[in-house]
Amino acid sequence: MSHHDKPAGRKSEGWEPKIVAIVCNWCTYAGADLAGISRIQYPPNVRIIRVPCTGRINPFYVVKVLQAGADGVLVSGCHPGECHYISGNLSARRKFATLKSFLNYIGIEDGRTTFTWVSASEGERFAQVVKAVTERVKALGPATKLVKKLRDADVAVAK
Amino acid sequence: MEKVEKKLREEAKKLLAEKKVDVVVGYEAGTLPLTATPVFITAPEEADRLVWNAFCHHNLAKYVHDLISANRDSQKRLKPEDRKRKVVGVVTKGCTSRSLVIHLQERQYERLDLSILGVPCTGYVDRRALAEKLGGEEILEGSLDGANLKIRTASGEKTIAVKDVLAANCVTCRFNNPVISDVMLGEPAPAMNPAAEYAEIDEFEKLSPEERWAYFQKEMAKCIRCAACRQACPSCYCRTCFAEQSMPQWVGISEDPSDTQVFQFMRMYHMVGRCVDCGSCVSVCPMGVDLRKFLKKLDKDCFVLFNQRAGEKIDFPAPLQDQRMDDKEDFIFNPGGGH
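Protein chains in written order, with the working numbering: chain A, 1 to 159; chain B, 1 to 339.
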């Protein structure tokens with residue numbers, strides 16, 4: 001098998017998914033912090049990007065993350081009604097409802113993208129979410145759709 | 001149709017003579033048989049060039065936006081009190097009117113900048129469907145005879161019913177009349193077959209994700225990224241398109257298929273609650289990419305989730321400008337259920 005077909009070494013035995021979590025500063029990031037302070041264990045597969053509010057997340061972030069080769073994307077913010085900026089998460093909810101539906105429609109697996117709410121007091125829930133998302137993505141295997149593969153081809157040529 | 005055309009010319013002439021509008025954007029007969037092309041009429045005596053028939057497929061809202069923003073830009077250095085409004089008269093069918101509503105919702109210009117000449121629409125002829133019916137033969141001469149097209153090609157005379165070559169978006173259209181107008185020319189047209197509007201989408205949704213992905217890949221592989229779809233789309237009016245931004249560079253310029261897929265995906269996703277299904281992108285695509293299969297899904301979602309159709313109501317915020325506490329959130333992930 002050439003490097004062009006599959007991203008090198010990703011389907012091997014010890015494969016661990018890479019999950020990008022885009023979370024809001026006021027709720028989920030604090031929730032993740034609480035999970036840390038409380039020493040709650042959760043899988044280390046998640047890379048966290050902190051943004052001021054879920055309303056600030058350009059839907060393009062999610063698509064770019066998928067294109068860059070992440071196996072899963074998690075977006076999380078304050079529960080509806082608890083937004084620091086009053087309604088940022090409500091705008092985000094409309095954007096993500098349509099974004100997820102459209103991603104599913106073109107054939108991206110449902111488990112690749114996850115949207116949820118975790119408040120600052122829900123450290124336990126944050127760990128639970130990350131665990132569940134990691135399991136879901138693991139079951140799906142490495143991402144192949146929408147992923148930019150040219151980089152791997154370049155590596156192959158360089159070799 | 002002829003009656004509407006006559007009234008349209010009279011009305012345009014009147015508006016221009018009374019200086020109520022600076023320009024009328026409409027359609028004139030194209031240089032090839034059975035075509036129409038956009039025209040900008042600025043003098044009353046030119047108004048007789050206007051036509052209204054089954055070949056008028058362009059969404060003229062695009063030109064309205066271009067004209068008004070160009071006029072505004074040209075007066076940037078003038079004192080506000082010296083600036084002049086450019087009033088644009090526009091021949092408006094159902095889809096064009098919804099695009100105008102979207103522009104107004106998005107505060108691109110004011111209602112006062114427009115004079116809307118509403119026309120009833122019974123659908124337009126799809127150039128590709130017609131070419132297919134003729135087996136690719138060149139149309140030497142053609143005329144519209146009631147509900148039929150009379151065509152002469154190298155192999156002889158042919159009669160084709162207009163309803164057999166209507167564009168896919170027209171066949172299931174529910175907005176055959178403009179949703180807003182200053183003057184309505186002619187009797188309102190009946191709706192087509194809106195009940196079957198989402199039939200194609202429902203069918204596609206039933207396929208497995210792998211089948212859908214295969215179809216998406218196949219269609220996007222045709223795309224040469226000429227951006228004709230964007231240029232023709234009345235909702236694509238950003239000064240700098242995300243596709244051309246370099247800081248950050250949203251869309252890669254490599255030949256990797258994912259770059260094209262991401263460009264198309266995001267251009268289409270920008271149309272949530274903004275695509276009026278006018279068919280402009282489809283009709284200008286040189287590669288025949290099945291864009292409607294995807295764009296119509298956004299329209300369906302918008303209706304299912306937010307109970308709104310793009311550009312339907314003028315005194316209502318657009319779906320993604322608005323939000324409700326009780327919006328549907330079945331897609332929200334909830335491990336262990338509830339919190």
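Derived from the structure by calculation, the hints contain no laboratory data. Keep in mind that the hints are not guaranteed to be accurate.
[Stated by the list, open to error] Covered by chain B, per the in silico footprint, the following chain A stretches (three or more residues, Cβ under 8 Å): (1) 43-49; (2) 61-70; (3) 90-98; (4) 111-117; (5) 139-148.
C-beta atoms are modelled at their ideal positions from N, C-alpha and C, and glycine is treated no differently.
Hints versus structure:
{"no.": "1", "hint": "43-49", "in the structure": "violated (count 0)"}
{"no.": "2", "hint": "61-70", "in the structure": "holds (count 3)"}
{"no.": "3", "hint": "90-98", "in the structure": "holds (count 8)"}
{"no.": "4", "hint": "111-117", "in the structure": "holds (count 4)"}
{"no.": "5", "hint": "139-148", "in the structure": "holds (count 4)"}
Taken one by one, the earlier hints fail for this structure only at number 1.
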